[in-house]
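Colleague: Here's the letter readout for the chains.
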Amino acid sequence: MAGSGQTDPRPLSPHLQNWNWHATMYGSIFHRVTGAGLYGGAFLIAAWLVALATGPEAYALVESIAFSLPGQLLLFLWAMAVLYHLANGLRHLIWDGPGVGFDPKVASRWSIFNFAFAILGAAAIWSLASLS
Amino acid sequence: MSTDLRKVRGLGAAGSGTGHYIHQRVTAIALLFLVPWFVYSIIHAGKAGYEGALTWVAQPVNAILLILTLGAALYHMRLGLQVVIEDYIHRTASKQALLILNTFVVIALAATTMLSVLKIWFSAGA
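Protein sequence lines correspond, in order, to chains A and B. Following my numbering, the numbering of the first sequence begins with 377 at its first residue and continues without gaps. Following my numbering, the numbering of the second sequence begins with 25 at its first residue and continues without gaps.
Hints were generated in silico from the structure; no laboratory data involved. Cβ atoms here follow ideal geometry from the backbone N, Cα and C, with glycine treated the same way. Just to be clear, a hint being listed does not mean it is correct.
[Stated by the list, open to error] Among chain A residues calculated to face chain B with C-beta under 7 Å, some are:
1) Tyr415
2) Ala418
3) Ala422
4) Tyr435
5) Leu504
6) Ala505
If we strip away everything but chain B, and leave its shape as in the complex, we get:
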């Protein structure tokens, strides 16, 4: 998305491609470490039943790593789906609506998942 002024300045389609490229790769590097940890952990936490999963999420190290994983993954997938939308949807109105929806969905998921983790962590110590 760009304003008319941006187009007039001759910055091309958006002028923010480099930042997008770098953010996509920096989150990828983070996920290279976080995703194997997450997959390994979820195998055990998923088998442990309700109490076991609660205990696992309530461990501070796990809660913090979970939030980092969620943050990196959600940001990474917002950038990824943005490119998919821009590649396939050419009608301006639909494209912009989907790009906005993409942002809303990712922020809603971030708020929901991270607050759930914090709730579990904070109520376990009480």
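So that you can see chain A by itself, here it is in the shape it has in the complex:
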């Protein structure tokens, strides 16, 4: 896109409010949202590794944040984002490669499955991590 803004009167596609909302639209939007969120998550992995390489005091600080209530909430959301992006990413690979799953019914169900997978998978990780 060279230059900014559209000055010539070309036809525009209908804007967001003119569409009926489908599961696939949420699926697509959340793929991008979780992707951007996971970009932030990389900073947290970096903080964890740097603290581990620095020493016990730095590591204790990271642990105290991670095990606090906001920290645990963030880790849960993070797990959901990872699992959603992973499951929906696999779907993108199947769309691009074998090219199956475009049928509207299948695509809708697949979107719902990916959301369910993310929520239930994060809950499973939560319970695994809580077992001592």
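Given chain A, put chain B in place with the hints provided.
Modeller: Relative to the frame of chain A, chain B by itself:
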């Protein structure tokens, strides 16, 4: 980003879309295997405390897989955020500044995380 010469040659916006597409998917295929390993491992390493986490990272297999995961993930997210920036930021100066920042951030994260892993691995054997 493209030079004037590139535009004159009629290659379109950048002429590198196919490479971007393929790299995005090749890193995705790698992450399909690496991320489940990482999630499974981090649950145990995260619970093991400072000593336990150190021991886990210092295992050569874990250190190597960690570096591979970081490399694939950071490259994948650089490509991903590049598209997000190109989609939403249309003013050339801001767009190019953010694209450069994206690259710098990812390389800084790669250097920081990978060197941390290597430091832990190499100092454990001593």
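Colleague: Can you name, in rising order, the numbers of the hints this structure does not satisfy?
Modeller: none
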